[in-house]
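K.L.:
With the hints as your guide, set chain B onto chain A.
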Amino acid sequence: MKNTLLTLIVSLALISLQAQSKEHKISKSSGTLVLAGLNDVTVESYNGSEIIFATDSYDEEVDERAAGLKLVNSLGLNDNTGLGLAVQEENGNVVVSQVSSTCDSEFKIKVPSGMSLEYEHTNNSGGDIKVIGLSKEVIISTTYGDVELRDITGPMAVKSVYGSVEAEFSSVSQSGSITIESIYDLVDITLPSNASADISMRTPYGEIYSNVDIDVEKSEGMRRVSSKTIKGTINGGGVDFKVKASYDNIYLRKK
Amino acid sequence: MDIEERIIDYINNELSTEERQEVRRLIESDDMAKSLYEEYNDLMSGIQEEPLITPDQEWAASFSESLKNRKVEQRIEENEPKETKVVHLQSRSFITKIAVAAAILIIGILGYSNINQSNQIDEVGEEVYAMRQLLESNLNNSSVSSRIKAVRYSEDVDTQDEDFIRILEKTMREDESAHVRLAATEALKKWADVPFVQESLLMALQNEEDAHVKILLIETLSSIKDANVGPHLDNLINDVESPQYIKDEAHKGIFRLDKNAKIL
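Going line by line, the protein sequences match chains A and B. By the working numbering, the letter at position 168 of the first sequence is numbered 168, and the numbering carries on one by one without gaps. By the working numbering, the letter at position 216 of the second sequence is numbered 216, and the numbering carries on one by one without gaps.
Next comes chain A alone, as it looks inside the complex (with noise of 0.2 Å):
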């Protein structure tokens, strides 16, 4: 009896593990990770040469019309990664695309430490992207989804819609040029204290809050206190950065 509830259990654990462990990975350390229409999903840089696709929530829904058939998305591609996934090189880049769009399933996708990112993604359905520890290049453009950025430097072009962006930089690169929008939600910014940038920050229908010190242009000696856009430097000046929230605040605070 003993012996028979052991072997329950390890088998349970066993078909738990497999679920979760359901991955795809592809040799590649460098160009672009394009992810196109990934509805969640979050990326994380690693000192590795793969990148490895995971999500532990993925089961393709069985349609017993569907009987020897394949999903094929608005592209025409296939899933070919086992995870509702259509991976394809181009150019040196790796682009990827969801197969099914009414999945739900959310994606984790470990990037070496080389690669850029980029991802789009348009329709109403999810669209949240969480990108952590990445230092080259981040271009992310969202319609509904919220965007996070964790321990990130930049340089980076990131906007969205109806979405919230919040980037919690380790340090500010200063190369190319860093831009944070979001028409209708907030965008929350930290800083490390020793950043340097030329910072414009702009929300013509919401308030700016900061505990930053920022060296804020005057016009003929005099502040303009009147208008919704601040422009300075910080710590002497450095990369352009800019930051826009139309219809919300922006929150600007250092660690």
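Treat each hint with caution, since some may be false.
[As the list claims (entries may be wrong)] Where chain B lies over chain A, by a calculated footprint (3+ residues, C-beta under 8 Å):
id, stretch
1, 137-146
2, 154-163
3, 178-191
4, 230-243
Treat the hints as calculated values from the structure; they're not laboratory data. Built from N, CA and C at the ideal position, the CB exists for glycine as well.
P.N.:
Okay, now just chain B, sitting in the frame of chain A:
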């Protein structure tokens, strides 16, 4: 002398041995100084490398032809009232001034040494030309954030030079990245009342598919006082395929236009 100037002099090898050692120690010990050094060094060596390594013959011939034309134009214009091309670099970005200075230097070397032409270009013309070259060369960069950075340089430039504005206008229409088109639209705001810019903004309003760029186009066009804009905004409102947020922004645009009309 502030730290930026000392770093630039350091890169240009214009400091004494003692001063060089001092700046080198600063770069090694101070993160901000290191960042400044890396940025100025990349920028200045990038500008210097591109045209000097392989001066393209076709380009050189074209530049030579342009100089000849310029001389002819100058002779013709000597007895005519001159249309002034004004370029002011605003104070915000010191690095823009450095970039322009470096570009002028390179163009000077190409123009006067490699192509062996006499010095006939006035200072203002040089500055406009340098800015154009700087903008165009950086807009060829494959990195989106670098192209945005190049477009932002133009925000520090106050000129009515048509060729310069047309580079931005083309970027607004044609760049493959919506982020860069957005930055170019923002940069074009200050020239929005120039007829060809306005026409192009209206055209982009019809063709642009990115929501962010489209909303900025509505905002930009509705801030200028022109009767042509209203019907375009009406079209967006009546278009069954327009998302609701685009219709909402178009309504706000019409409200802004009405407000402008009342002020007039």
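K.L.:
None of the hints should be skipped; say for each whether it holds.
P.N.:
Checked hints:
1. 137-146: Coverage by chain B holds here, the residue count being 4 at a Cβ distance below 8 Å.
2. 154-163: Since three or more residues must qualify, the claim that chain B covers the stretch 154-163 of chain A holds, with 7 doing so at under 8 Å.
3. 178-191: holds (count 5)
4. 230-243: holds (count 8)
In summary, the structure agrees with every hint in the numbered list given earlier.
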